[in-house]
Amino acid sequence: MNKSGAKRNRLKNRNAEYYILLAPFAAFFFLFMVLPVLSSIVLSFFDYDMVSLPEFSGIENYARMFIDDETFPVVVKNTLLFAIITGPVGFLLSFVLAWFINEFSPFVRTVLSFLFYCPALIGNGLFIWQIAFSSDSYGYMNSLLLSWGFIDEPIAWLRNSSYIVPVIILVQLWQSMGVSFLANISGLQNINGDMFEAGAIDGIRNRWQELWYITLPSMKDMLLFSAVMQIASSFSISTIAVNLAGYPSVGNSADTLVSHIGDVGTVKYEMGYASALSVFLFLLMVVTRKLIVKLLDTAGK
Amino acid sequence: MSNKKLTAINSGSKNKPALKASGRSQVKRYTRSKAGNFFYVLFLILFGSFSVLPLIYCIVTAFKPLEELLVYPPKLYVVNPTLQNFMALPDLLSNLKIPLSRYIFNSFFVTVITTILYVFIAAMAAFTLAKSKIRARRVFFLVVQLALLFNGTTLSVPLYLIYSWLGIIDTYWVMILPYIASTMGVFLMKQYMESALPDALMEAAEIDGAGPVRIFFEIAMPIVKPCWLTLTMFGFRDVWAAIPDGTVFNEALKTLPTIMSQVTAGGIARSGSAMAVTVIMMVPPILVYLVSQSNVIEAMSSAGIKE
Chain A
1 MNKSGAKRNR LKNRNAEYYI LLAPFAAFFF LFMVLPVLSS IVLSFFDYDM VSLPEFSGIE
61 NYARMFIDDE TFPVVVKNTL LFAIITGPVG FLLSFVLAWF INEFSPFVRT VLSFLFYCPA
121 LIGNGLFIWQ IAFSSDSYGY MNSLLLSWGF IDEPIAWLRN SSYIVPVIIL VQLWQSMGVS
181 FLANISGLQN INGDMFEAGA IDGIRNRWQE LWYITLPSMK DMLLFSAVMQ IASSFSISTI
241 AVNLAGYPSV GNSADTLVSH IGDVGTVKYE MGYASALSVF LFLLMVVTRK LIVKLLDTAG
301 K
Chain B
1 MSNKKLTAIN SGSKNKPALK ASGRSQVKRY TRSKAGNFFY VLFLILFGSF SVLPLIYCIV
61 TAFKPLEELL VYPPKLYVVN PTLQNFMALP DLLSNLKIPL SRYIFNSFFV TVITTILYVF
121 IAAMAAFTLA KSKIRARRVF FLVVQLALLF NGTTLSVPLY LIYSWLGIID TYWVMILPYI
181 ASTMGVFLMK QYMESALPDA LMEAAEIDGA GPVRIFFEIA MPIVKPCWLT LTMFGFRDVW
241 AAIPDGTVFN EALKTLPTIM SQVTAGGIAR SGSAMAVTVI MMVPPILVYL VSQSNVIEAM
301 SSAGIKE
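Residue numbers (my numbering), protein chains in the order written: chain A, 1 to 301; chain B, 1 to 307.
Read the hints as simulated data drawn from the structure, not as lab findings.
Note that this is a predicted model, so its numbers are computed, not measured.
One or more of the hints may lead you astray.
[Claimed, not checked] Residues of chain B clear of chain A, computed beta-carbon distances all greater than 10 Å:
id: 1; residue: Arg102
id: 2; residue: Ile121
id: 3; residue: Ala125
id: 4; residue: Tyr172
id: 5; residue: Glu194
id: 6; residue: Asp208
id: 7; residue: Gly211
id: 8; residue: Pro212
id: 9; residue: Pro226
id: 10; residue: Thr230
id: 11; residue: Gln262
id: 12; residue: Val296
[Stated by the list, open to error] Here are a few chain A residues that face chain B, going by a calculated C-beta distance under 8 Å:
id: 13; residue: Val37
id: 14; residue: Tyr117
id: 15; residue: Leu216
id: 16; residue: Pro217
id: 17; residue: Ala232
id: 18; residue: Pro248
id: 19; residue: Val267
Even glycine gets a Cβ: it sits at the ideal position worked out from N, Cα and C.
Let's have the full structure, built from the sequences with the hints guiding it.
Encoded structure:
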């Protein structure tokens, strides 16, 4: 009895230490993340113009989305379109590139990963794309195509709804590489090398089998990380769209939910409604995350 | 006695990445075809140039003289490189109310403090979430993940109220503390620790009588060095480029990005100087990247020599 008591005590001390390690983050997380998110959710049931006090309005904000807001269906459609393309493509690219690069010597790996991390480093690099896709013949893309004779007059890339979407997808992919790409590299280097040796003996003959049976299952943790990061970024495309195509864009083709939230909240000062839209977007991403988690579980089976 | 054992465990696991690395490169050859190698080198070159072109464009433009800036079509190389775009910067920034050096100090001060706090606090929390058996950890981790999915646009009002309640508006703290709450770091570190710190290692250390805090500092942190170096790089990049909106009014507390927008706003004639500013602002994050990544690799190869 004495012995088990001592054991229990040790366990208690151990847990106390774990709580101490968690405490600083938990405090900041609660103050600057949980609290604001909760108040935003509460606010979504209120009418709030940022001048007078919030007024309870029940589910009016949510009803308005589906009944009274003409922009809503359009921005949801655009958001889903951007997410469905940039999400999976970005996710696959960040993994495939990391997987390829991992084969090289450390020096080559550092150089190559720097190249792919570049866009994330440039930070305010968006104006480069504004110049590249500007509508006059000075624009980089136009001048290139003109001098090569592909086109006879400059294309208004960002004022033509059939070009806006691909351009934004391109820029989004270019910029979203950074974090999940480097996370995948660190995850790949963490795989136990014996596994590959054992795999080769067990009859794994090519890199695809090796990828499916060894690499992917060992990478699950990092893949979940980059999947969630991809969901967060591909559903929230807005800065790029607003900077390149403006808001509202031509034919609303580049207007996303987040741009709409920004417009409703910080231009029209309807914070209650903007919060309801945020909650809707949040639920959309939560459902997507759930699906992705299920999908990732099938790797290696 | 227990100390010795701890270091033994520690150095033993330090060797592990090297074993992996060397074991891998020998095995890989059997499962690789020549055609496959050719295609993925091609793919890497194509994608690499797509990624790096805008950076090259930036650097080249920064060194172009005015005549070349106005050339149609814009060239990806510079004929007569000049420093005049950089020389023009002091003039463009001459109407500042506070000496430029103060902005530079602010930027480095805020970025370095924030990054160090961010990485440490995230790593500590991640360690608990990955390796403890406390009851709340699953729920807590789920909340951390979900927090990443809530868009920040509508959080500005509640955040402002919290800042003013804490009395940190218009101080350095408002630039430092909120970033620590971002969940990406905890998420990344936790995922990495799951596989980098095997349960057998944890048990061995516990049998030795080491508590979680000691295991964290003496065993876990050295092993997960590649991960926290990577996180340091992300943190530095984010904070370095951050512009606090509506929370810092005192000119003496502002950082470089806020004044740099003065230069980048301007017509084609200023595009050279705008690029010069962009290039200068990129230097510190790039240096941090190079230092951290070369450390990641050095940690692995030096362990290999010992072996």
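Going down the list of hints, with the structure as the test:
1. No beta-carbon of chain A is positioned within 10 Å of the beta-carbon of B:Arg102; the least distance is around 22 Å.
2. Once the 10 Å rule is applied to beta carbons, B:Ile121 is inconsistent with being away from chain A; the minimum gap is 5 Å.
3. Taking the minimum C-beta to C-beta distance to chain A, about 4 Å, the non-interface status of B:Ala125 is violated against the 10 Å cut.
4. For B:Tyr172, the shortest C-beta to C-beta distance to chain A comes to about 16 Å, beyond the 10 Å cut-off, and the non-interface label holds.
5. Distance check for B:Glu194 against chain A: the nearest CB is about 5 Å away, which does not clear 10 Å, and the non-interface claim fails.
6. Every CB of chain A is more than 10 Å from the CB of B:Asp208 (nearest about 13 Å), matching its label as outside the interface.
7. Not every C-beta of chain A lies more than 10 Å from that of B:Gly211, the closest at about 5 Å, which undercuts listing it as non-interface.
8. Listed as a non-interface residue, B:Pro212 fails to keep its Cβ farther than 10 Å from every Cβ of chain A; the least gap is roughly 4 Å.
9. Not every beta carbon of chain A lies more than 10 Å from that of B:Pro226, the smallest distance being close to 5 Å; the non-interface claim is violated.
10. Look at B:Thr230: its CB is around 5 Å from the nearest CB on chain A, not clear of 10 Å, so calling it non-interface is violated.
11. The beta carbon of B:Gln262 sits about 13 Å from the closest Cβ of chain A, which is more than 10 Å, so the claim that it is off the interface holds.
12. At roughly 8 Å, the least C-beta separation between B:Val296 and chain A is not larger than 10 Å, which violates its mark as non-interface.
13. A distance limit of 8 Å between C-beta atoms decides the matter here; for A:Val37 the minimum to chain B is near 5 Å, and the interface restraint holds.
14. About 7 Å separates the beta-carbon of A:Tyr117 from the nearest beta-carbon of chain B, less than 8 Å, and the hint is met.
15. Taken as an interface hint, A:Leu216 does not check out: its beta carbon lies about 13 Å from the nearest beta carbon of chain B, beyond 8 Å.
16. Interface hint at A:Pro217: violated, since its Cβ lies 11 Å from the closest Cβ of chain B, which is beyond the 8 Å cut-off.
17. Evaluation of the A:Ala232 hint against chain B yields a held restraint, the C-beta minimum of about 5 Å falling below 8 Å.
18. Given hint, A:Pro248 at the interface with chain B, is violated; its Cβ is 17 Å from that chain's nearest Cβ, farther than 8 Å.
19. With 8 Å as the threshold, the beta carbon of A:Val267 stays out of range of chain B, its nearest partner Cβ sitting at about 11 Å, so the hint is violated.
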